[in-house]
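Visitor: Sequence:
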Amino acid sequence: MFYRIVFSFKENYADIAVIRRGINSIKIKKAIKIHEHSETNISSPSYAFEESLNKIKELREKTKIRNKDVNIILNWDNIITRVIETPIMNKKELKKFIDNNIEDYFAVSMNDYCYDYEVICLAKKGEKGKMSIMLAAVPRSKVKEILDFIKLCGLSPKSIGIYPNYISNLFDDEKDKSIAVLDVNNKKSTLTILDKGEVFLYSNIPNESYDSDREQFVELYENLEYFLNFYSTRHFGNRVDRIYILGELYNNEKLLNLINSQVSMEVVSGLSGRLLELIKKSPVNGNIYSDIIGSYTSIKNIYNKKIDFADKLFRRDKKERSVNRLILLEIEVFSIITIFVTLLFFIYSKISIQRYDTTSIDRKINLISSIENEAKELESEKQLYENKIENMKKIQKDEFDYITIFDSLRRGMPQDILIKSITVDKENVNITVSINNSTLDGAKTIIALNKINIFEPVELPQIKLNDDLKELRVSLKIKKT
Numbered sequence: 268m269f270y271r272i273v274f275s276f277k278e279n280y281a282d283i284a285v286i287r288r289g290i291n292s293i294k295i296k297k298a299i300k301i302h303e304h305s306e307t308n309i310s311s312p313s314y315a316f317e318e319s320l321n322k323i324k325e326l327r328e329k330t331k332i333r334n335k336d337v338n339i340i341l342n343w344d345n346i347i348t349r350v351i352e353t354p355i356m357n358k359k360e361l362k363k364f365i366d367n368n369i370e371d372y373f374a375v376s377m378n379d380y381c382y383d384y385e386v387i388c389l390a391k392k393g394e395k396g397k398m399s400i401m402l403a404a405v406p407r408s409k410v411k412e413i414l415d416f417i418k419l420c421g422l423s424p425k426s427i428g429i430y431p432n433y434i435s436n437l438f439d440d441e442k443d444k445s446i447a448v449l450d451v452n453n454k455k456s457t458l459t460i461l462d463k464g465e466v467f468l469y470s471n472i473p474n475e476s477y478d479s480d481r482e483q484f485v486e487l488y489e490n491l492e493y494f495l496n497f498y499s500t501r502h503f504g505n506r507v508d509r510i511y512i513l514g515e516l517y518n519n520e521k522l523l524n525l526i527n528s529q530v531s532m533e534v535v536s537g538l539s540g541r542l543l544e545l546i547k548k549s550p551v552n553g554n555i556y557s558d559i560i561g562s563y564t565s566i567k568n569i570y571n572k573k574i575d576f577a578d579k580l581f582r583r584d585k586k587e588r589s590v591n592r593l594i595l596l597e598i599e600v601f602s603i604i605t606i607f608v609t610l611l612f613f614i615y616s617k618i619s620i621q622r623y624d625t626t627s628i629d630r631k632i633n634l635i636s637s638i639e640n641e642a643k644e645l646e647s648e649k650q651l652y653e654n655k656i657e658n659m660k661k662i663q664k665d666e667f668d669y670i671t672i673f674d675s676l677r678r679g680m681p682q683d684i685l686i687k688s689i690t691v692d693k694e695n696v697n698i699t700v701s702i703n704n705s706t707l708d709g710a711k712t713i714i715a716l717n718k719i720n721i722f723e724p725v726e727l728p729q730i731k732l733n734d735d736l737k738e739l740r741v742s743l744k745i746k747k748t
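Every letter in the sequence shown is one number past the one before it in our numbering, and letter 8, counting from 1, is 275.
Careful: at least some of the hints might be erroneous.
No more than 30 angstroms apart at the CA atoms, straight line, and that leaves these computed lysine-lysine pairs for DSS-like [to be verified]:
1) Lys693 with Lys411
2) Lys687 with Lys631
3) Lys444 with Lys455
4) Lys687 with Lys411
5) Lys322 with Lys362
6) Lys718 with Lys693
7) Lys324 with Lys548
8) Lys655 with Lys687
9) Lys548 with Lys567
10) Lys397 with Lys294
11) Lys454 with Lys362
12) Lys444 with Lys572
13) Lys409 with Lys687
14) Lys454 with Lys329
15) Lys455 with Lys362
16) Lys335 with Lys322
17) Lys324 with Lys454
18) Lys746 with Lys711
19) Lys294 with Lys329
The set of hints was computed from the structure by calculation and includes no laboratory data.
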């Protein structure tokens, strides 16, 4: 298998590695680190400055990487994960269930976050007919900034996954155990607790920069102890079976001695067993880049579905561009057909006039007239498609989520209330609804609108109580996020 670049984005820096998966090995050929730049132009991605771009260009040139597809790993503080249980469903039913109920599982606006999911377990022991599903949500604006930066590098995202998933991949052989994985690095460490193969907890831990002269790990251990006790509380006093230490300081003696002196469970420095065999011939130490190694660990996903935000963000944009190209192609085809049909029947009519009597000529004239009408209809359809393209372009330029507004109104309004008209801008929504001559319908409309949490609350306007009201006009103000 050929080498590929993997980006692992932390809160203010990113690890970039050139990696390859062989039959019995995973090799990191070279790895670099880039940092955010606080003085980057506000309209540009925070990594998009000359030093970072030159580092990536140099990495590609030295390792002779021509493949533009890259894998992306996200490890941010504001990534949200949930594990839920549902009755067993097929792939199509599950997607519909998640899409319809996603807002019940996250206390954030889905306008600001993008979500995805994967099935991590079917029919758990003692819970027949259940399936466990991991949900993940990431901030749209941050992912968009990363995608803009990747595009600026001349690269294309093949996958966009999250850190805890790839750490879980590393320990797929230990699903019968509960494991704590402490990824210790300068300035930032990450703790992931796996409970029988499922992600129970994922948290970033800020810490000092460690150097050879003065290494203080007390604060780091206190955070570890807090989360281990939290796990124990949620599991009736049971503790994790094993602690793995990974990252830049995976073999630091002072850190290992401190943890070993405070805990009773087994503490393992670095990867072990099958994974150690896979990375032992790697030019770059794989223990330092555990999430990147995990992204190249083969795992069979249920329903062949894994958490991958490239499907939600990058490939969806490509699909929309493909739809635009298809509409343009249809317009061109309609135009050619219109011209060809008109020309064909014009020639045919000329020849027919010379060969047939007046009666036949009249029939041909009527036929030509019908063809002209068809040509006009085709021209109207062409104009309709052009208007659609223009409207789609306006929506894309606005970068405003009209669909969420319409969908929220559709789901939030009572079924017996008909929306007659609606106008939308970036701050206000004006709607007109049919009241069916009932004052009660007017009150129901206002109550339903106030339950839709994307609008500022409104009050029922003054209306007569004689049930002669036929329609109600309401001006709504969109909440600022």
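Visitor: Each hint should be assessed against the structure and marked as holding or not.
Guide: Tested hints:
1. Lys693 with Lys411: The given pair, whose Cα atoms are some 20 angstroms apart, holds under the 30 angstroms limit.
2. Lys687 with Lys631: Given pair Lys687, Lys631 is violated - Cα atoms ~46 angstroms apart, limit 30 angstroms.
3. Lys444 with Lys455: Since the Cα atoms of Lys444 and Lys455 sit roughly 26 angstroms apart, the hinted pair holds (cutoff 30 angstroms).
4. Lys687 with Lys411: violated (36 angstroms)
5. Lys322 with Lys362: violated (40 angstroms)
6. Lys718 with Lys693: Holds, because 20 angstroms separates the two Cα atoms, which is no more than 30 angstroms.
7. Lys324 with Lys548: holds (26 angstroms)
8. Lys655 with Lys687: Measuring from Cα to Cα gives roughly 22 angstroms; hence the hint holds.
9. Lys548 with Lys567: Roughly 25 angstroms separates the two Cα atoms, so the pair holds.
10. Lys397 with Lys294: The hint is violated at about 38 angstroms.
11. Lys454 with Lys362: At roughly 39 angstroms apart (the allowed maximum being 30 angstroms), Lys362 and Lys454 break the hint.
12. Lys444 with Lys572: holds (24 angstroms)
13. Lys409 with Lys687: Judged against 30 angstroms, a Cα distance of about 38 angstroms means the pair is violated.
14. Lys454 with Lys329: holds (29 angstroms)
15. Lys455 with Lys362: violated (35 angstroms)
16. Lys335 with Lys322: holds (16 angstroms)
17. Lys324 with Lys454: Holds - the C-alpha atoms of Lys454 and Lys324 are around 26 angstroms apart, at most 30 angstroms.
18. Lys746 with Lys711: Holds. Lys746 to Lys711 sits at ~21 angstroms (cutoff 30 angstroms).
19. Lys294 with Lys329: At roughly 16 angstroms apart (the allowed maximum being 30 angstroms), Lys329 and Lys294 satisfy the hint.
Going down the numbered hints, you'll see the structure goes against 2, 4, 5, 10, 11, 13 and 15, while the others check out.
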